[in-house]
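Trainee: One letter stands for each residue in the lines below.
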Amino acid sequence: MANELAELKLHVRTADQTRRAELKLDSSATGGEIIQAAVDNWALPADTDYALVNVTTGKALAPNATLAESGVRPGDELEVQPVLVAG
Amino acid sequence: MRHDRYLRHSLIDWFPQDRVRAARVAVIGAGAVGNEVVKNLALLGAGAIDVYDFDRVELHNLTRAVFLRESDVGRPKASALAARAGEVDPAVVLRAVEGDFWNTLSLSALAGYDCAIAAVDNFEARVRLNRMCRIDGVDFISAGIDSRHATVEVFPFAAEATCGCYECHLPNSAYKRIAERYSCGGLRKAAAAERLVPTTAITASIAGALATSAALRLGRDAGGGARRVFFDTIAGTSSVAALDRRAECVGCGDLGDRPRIVPARADWNRRIADVPADSAVHTSDPIIVGYECAQCGDASRADRYVLRRALDFDDRIAICAACGKAGVRVDVRDEFAAAELARLYPEAPPPVKFAIARLPDEALCMDFEEKHDGQRAR
Numbered sequence: 277m278a279n280e281l282a283e284l285k286l287h288v289r290t291a292d293q294t295r296r297a298e299l300k301l302d303s304s305a306t307g308g309e310i311i312q313a314a315v316d317n318w319a320l321p322a323d324t325d326y327a328l329v330n331v332t333t334g335k336a337l338a339p340n341a342t343l344a345e346s347g348v349r350p351g352d353e354l355e356v357q358p359v360l361v362a363g
Numbered sequence: 320m321r322h323d324r325y326l327r328h329s330l331i332d333w334f335p336q337d338r339v340r341a342a343r344v345a346v347i348g349a350g351a352v353g354n355e356v357v358k359n360l361a362l363l364g365a366g367a368i369d370v371y372d373f374d375r376v377e378l379h380n381l382t383r384a385v386f387l388r389e390s391d392v393g394r395p396k397a398s399a400l401a402a403r404a405g406e407v408d409p410a411v412v413l414r415a416v417e418g419d420f421w422n423t424l425s426l427s428a429l430a431g432y433d434c435a436i437a438a439v440d441n442f443e444a445r446v447r448l449n450r451m452c453r454i455d456g457v458d459f460i461s462a463g464i465d466s467r468h469a470t471v472e473v474f475p476f477a478a479e480a481t482c483g484c485y486e487c488h489l490p491n492s493a494y495k496r497i498a499e500r501y502s503c504g505g506l507r508k509a510a511a512a513e514r515l516v517p518t519t520a521i522t523a524s525i526a527g528a529l530a531t532s533a534a535l536r537l538g539r540d541a542g543g544g545a546r547r548v549f550f551d552t553i554a555g556t557s558s559v560a561a562l563d564r565r566a567e568c569v570g571c572g573d574l575g576d577r578p579r580i581v582p583a584r585a586d587w588n589r590r591i592a593d594v595p596a597d598s599a600v601h602t603s604d605p606i607i608v609g610y611e612c613a614q615c616g617d618a619s620r621a622d623r624y625v626l627r628r629a630l631d632f633d634d635r636i637a638i639c640a641a642c643g644k645a646g647v648r649v650d651v652r653d654e655f656a657a658a659e660l661a662r663l664y665p666e667a668p669p670p671v672k673f674a675i676a677r678l679p680d681e682a683l684c685m686d687f688e689e690k691h692d693g694q695r696a697r
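Chains A and B are the protein sequences, given in the same order.
Add 276 to a position in the first sequence, counting from 1, and you land on the number used in the numbering used here.
Add 319 to a position in the second sequence, counting from 1, and you land on the number used in the numbering used here.
For the record, the hints were derived by calculation from the structure and aren't laboratory data.
It is possible that some hints are incorrect.
Lysine to aspartate or glutamate pairs mimicking EDC-like chemistry, simulated, CA-CA at most 16 Å apart [what the hints assert, rightly or not]:
hint, chain 1, residue 1, chain 2, residue 2
1, B, Lys672, B, Asp653
2, A, Lys335, B, Asp563
3, B, Lys495, A, Asp323
Just chain A, with the same shape it has in the complex (with noise of 0.2 Å):
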């Protein structure tokens, strides 16, 4: 339990690198989560969907695993990046 609940400072940014922030973040927090704060305080567009990519590890985090479950270090570099569906 004291493991979900522990404080990890992280970089986060969009897959442009336009957009970065080192932030602190429960290690209970959802890929999800993390990417509707982007969202929301980056104004990235809403009409797309988007990934979260651990860039140090080269691991992909599922949308509703915790940064716990996914093996997230304190220092790792997030990315988002838009989910591409056309074709």
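Given the coordinates of chain A, work out where chain B should sit on it, guided by the hints.
Mentor: Showing chain B alone in chain A's frame:
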């Protein structure tokens, strides 16, 4: 086959021309990315390419589709693309399949391909093709674009049956977009507007190149885990992310290691009788199980709809023929107990592609479309 045609390929010590020549690839979607994929496959000398698309060529397609011309406007995309791509290399066998792949591509036919590539423009088609490939153990590649980026997701199901699938990392918002195409009762909306995503030939060509390379496993061995390549065409940067499996995934969580596929159209009664009565059975398509007007109670037209595939209708059937109000309650389901399904369909199988029964130690896939002999059709 004229071997001097592939002279430059033969100078590449890792280029597997024989494997490329033997490859059978299904390309789902004949739009911008589909054109690029087919172009690359044909130039490389792939053995057989089948192109699936239900749509017709429109003028605005021509800025991104390398094989389509103004004279093709109004023609089926798949046929227009296959006809012109066939001129690239006479040794490459191209086939066009017009219509929605969900209605034209069976599990047994899919099993005959080495790879299926989704070059479609919606999440629903990608989800469906992903599940079919996961069941069949066929490599699945999903390619997508916008105006700046290209992504190619690789799911090597043939070598790694239990690698992550397309749905393992699909955001919740994607399911909301799929749901937007349906009424709250589960029927397709007759007037659903499709979202138009701006794209260019630049992103399409990058996605097509990466997807083709992954499909033919150029420079790679089989497997390698599920992964997503993300390419930014303006910054010129790319990244690769591993897509790990999620046990609770709605796309693959019920499939176990590799489902056992059995033909069940001809001997439906025996197949369903072999499934324990209380086992959960998930049909590939939702089925209408109830039809009654909540306003006037009329159910006189229920026979027209009940026990048929919901996909064959849209939300206009929710308007009551008796009272004229949009008050018909249409019950749609895709989860049944085995005994219930056997009772509802006492003579013939349900009108769906396949059904997955979750047995204690395996997943059983009952294939209702064709006899499945487990062999890749060559």
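Trainee: Look at each hint and say if it fits the structure.
Mentor: Each hint tested on the structure:
1. Lys672/B <-> Asp653/B: holds (12 Å)
2. Lys335/A <-> Asp563/B: holds (8 Å)
3. Lys495/B <-> Asp323/A: holds (11 Å)
Consistency note: the structure conflicts with none of the earlier hints.
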